[in-house]
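Student: Here the structure of chain G is known, so what remains is to put chain H in place on it, guided by the hints.
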Amino acid sequence: MTARDVVLARVRRALRDVPPEETPADVEVVRSGPSTAPLTPGHVELFAERVAQYRARVVRCVPDDLVATLVPLLEDVSTLLVPFDLPRGLRPAGPRHIEDRQLPTGELDAVDGVLTTARLGIVETGTIVLDHGPGQGRRAATLVPDIHVCVLWADQLVAGVPEAIVNLDPTRPHTWISGPSATSDIELERVEGVHGPRTLRVVLVG
Amino acid sequence: MSATFVGMPTFPVAAGTALADSQLRRNLAHATSTIRTKRAEVVREVDAWEQLRVAGATLKDRTLRHLDVYLEQLETALTAAGATVHWARDADEANRIVVDIARLHGTDEVVKVKSMTTAEIGLNDALEAAGIHAWETDLAELIVQLGDDLPSHILVPAIHRNRAEIREIFLREMERVGRPAPADLTDAPLELAAAARDHLREKFLRARVAVSGANFAVAETGTLAVVESEGNGRMCLTLPEVLISIVGIEKLLPTWADLDVFLQTLPRSSTGERMNPYTSLWSGVTPGDGPQQVHVVLLDNGRTDVLADTVGRQALRCIRCSACLNICPVYERTGGHSYGSVYPGPIGAILNPMMRGVGQDAQLDALPYASSLCGACFDVCPVRIDIPEVLVHLRTKVVDAHRGRRPTPQDLVMRAASWTLASSARTARSTRLAGLAARVLSRRGLRSAPGGRRVLGALPRPAAGWSGARDVPLPPAESFRSWWSRAGRDAR
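Protein sequence lines, in the order shown, are assigned to chains G and H. Residues 24 to 229 (the numbering used here) make up the first sequence, in order. Residues 5 to 496 (the numbering used here) make up the second sequence, in order.
Derived by calculation from the structure, the hints in this document are not laboratory data. No experiment lies behind these values; they were computed from the predicted model shown. Built from N, CA and C at the ideal position, the CB exists for glycine as well. Treat the hints loosely; a few may be bogus.
[Claimed, not checked] One side only, chain G facing chain H, incomplete, derived with CB under 10 Å:
1. 28
2. 37
3. 55
4. 56
5. 73
6. 76
7. 125
8. 128
9. 148
10. 183
11. 203
12. 205
13. 212
[What the hints assert, rightly or not] 20 Å max Cα-Cα, derived EDC-like pairs, lysine to aspartate or glutamate:
14. 207/H / 113/H
15. 42/H / 72/G
16. 207/H / 179/H
17. 207/H / 169/G
Pulled out of the complex, with its shape left as it was, chain G reads as follows (with noise of 0.2 Å):
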């Protein structure tokens, strides 16, 4: 018998007691499905609020002004990785840009930040997520270089995480971002900037 068997087997053995007739569904699941009620400005509030929460810059602006908002969350960058296929109108004058085509991942620590957008944000939690889709970048972009500077559209905001999990492609690798790195291990004390991006910036467009 292989191991995959004899797991199997002793999986069945231990549940002798479960009658054979039952299947999944009649072991009742009582809970609320996600929400359906549309956003408030309140909720952009919140969002921007919980996500300053977690020591998250957070900047809002209207569509027109994005670009020139980024510029002055760039100072510190001077050189900037951006997904190949970030959208033109998403690229600040300022920092020497590098497009992300696979570079090796001793290049990507060699850079100061990254701009990417997002697939969507949980305004009860303060979680941006992204799905790596066009403009998010492969998964290591957002990770090694020090500076995330993230843009995300108010229209992109749901209630809570069981309205993101709804929306979200399970086909697809995600990354649910709550404020920088972070670790509590020493003395449960919160300290901001462990091994991820130790600054988040967060761009709130609308």
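Tutor: Using the frame of chain G, we list chain H on its own:
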């Protein structure tokens, strides 16, 4: 060979040592009270918290009661997503699989995401024995590894260390295994974290094989989830060419949509945050992004024994948040090492004996008694594991396992009590005798317990062990039975 839990003394002995360590007690009291307060604040924010707990518990029950179906579904989904699925009956088999994959790729080092499962199976020692270095990359695991120490908490394995101790370990040990700590390192947590960042970065950039666990495995989609704070997890899950994830078979969830319940309850219960800094979700191989060779090892190692116990099965709902450790009055005072396992605290007191079997090992058999049964662990558990119920159930199993062996003094006392209480006349005589003894003893200067009741001091052997941790109240001078026959009839 690193530090090991093998040969640890039983809980009462280890707890005695821990209680005498005032530094340890200060570190633990500070850390557990900090995290309890944070957890309480963010749990209070969620109106539907109780519904989320019930949903989490029933979702896990659904999975566990049909685990064979979901395991096969997960295997199919993972394979379709480009992953190679391995099955491991026990720790040795899982370790062998990892060693073989590492050797196949000709590497002499792997980077590791913090994983309880790999600690459980002793993967680091197995790799070391095969000449492969395993670098722990979580800050607390790094502290434990560098200090040749043992983990003492599920979430924060170095919870027993304070900042000054951590600074010393970094200054002394980092240079032995890589980039040294800066000579002017202080004990500020920010500086200690920065030293860990610099020390580990070269390892992240160099490593070709990574090993992780998984917080959740979604049967429907083959999604694995790793929930973390520092970004070391993302480094390991993203940069190396080869990723090996070791997943206990209890980590399954039926569907993608079921993740929402646990991504709400886990961070709030665990670190006391609305959301942890980083969560990675992935399924198999993503072309052009992350490891292009993905292995998943599905591990039993005693889990099916827990599954077979219809009372204890609920322990497999555990999502390793550690809220039960932080709230437990016993854990808070004795610390994690006393439990002699990588799974300490209330959940460890039930998981270890069930995974490894009762009746064979005094250390394991003592764990179900390492509790006052106060029930605080059940109240905070995000998947409603009734830990006190399982503790009592396991005490029964321990007693049953010892039946027929040479009786202990406690057995003899219990037999005598059984004989006495089985007869009304014998009970009456014994209470009269106890009353007499009480009147004689009360002439001596006795201590008073809180509330004023007089108590006996330490009893002589063989009852000394029993009275060492308990107040023995003086029997009443007159029993209720005798009072009732004297005065109760008149009162009617």
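Student: State for each hint whether it applies.
Tutor: Hint-by-hint comparison with the structure:
Interface restraint check: residue 28/G against chain H, minimum CB-CB distance 9 Å, threshold 10 Å, status holds. For residue 37/G, the interface hint holds, the least distance from its beta-carbon to any beta-carbon of chain H being 4 Å, beneath 10 Å. This hint holds: residue 55/G has a C-beta 7 Å from the nearest C-beta of chain H, less than the 10 Å allowed. Hint on residue 56/G holds. Least Cβ distance to chain H is approximately 9 Å, under the 10 Å limit.
This hint holds: residue 73/G has a C-beta 7 Å from the nearest C-beta of chain H, less than the 10 Å allowed. Because the beta carbon of residue 76/G sits about 8 Å from the nearest beta carbon in chain H, less than 10 Å, this interface hint is met. Interface hint at residue 125/G: satisfied, since its Cβ lies 7 Å from the closest Cβ of chain H, which is below the 10 Å cut-off. For residue 128/G, the interface hint holds, since its Cβ comes within 10 Å of a Cβ in chain H; the closest pair sits about 5 Å apart.
Checking residue 148/G against chain H by beta carbon gives a least distance of about 4 Å; that is within 10 Å, so the hint holds. Nearest Cβ of chain H to the Cβ of residue 183/G: about 8 Å, under the 10 Å cut. The hint holds. Because the beta carbon of residue 203/G sits about 7 Å from the nearest beta carbon in chain H, less than 10 Å, this interface hint is met. The interface hint given for residue 205/G holds, since its Cβ lies 5 Å from the closest Cβ of chain H, which is under the 10 Å cut-off.
Hint on residue 212/G holds. Least Cβ distance to chain H is approximately 6 Å, under the 10 Å limit. Our distance criterion of 20 Å between C-alpha atoms is met by residue 207/H and residue 113/H, whose separation comes to about 9 Å. In summary, the hint linking residue 42/H to residue 72/G is supported, as the alpha carbons are separated by about 18 Å, within the 20 Å threshold. Simply put, residue 207/H and residue 179/H have alpha-carbon atoms about 13 Å apart, close enough for the 20 Å limit, and the pair holds.
About 17 Å separates the Cα atoms of residue 207/H and residue 169/G, which keeps this hinted pair within 20 Å; it holds.
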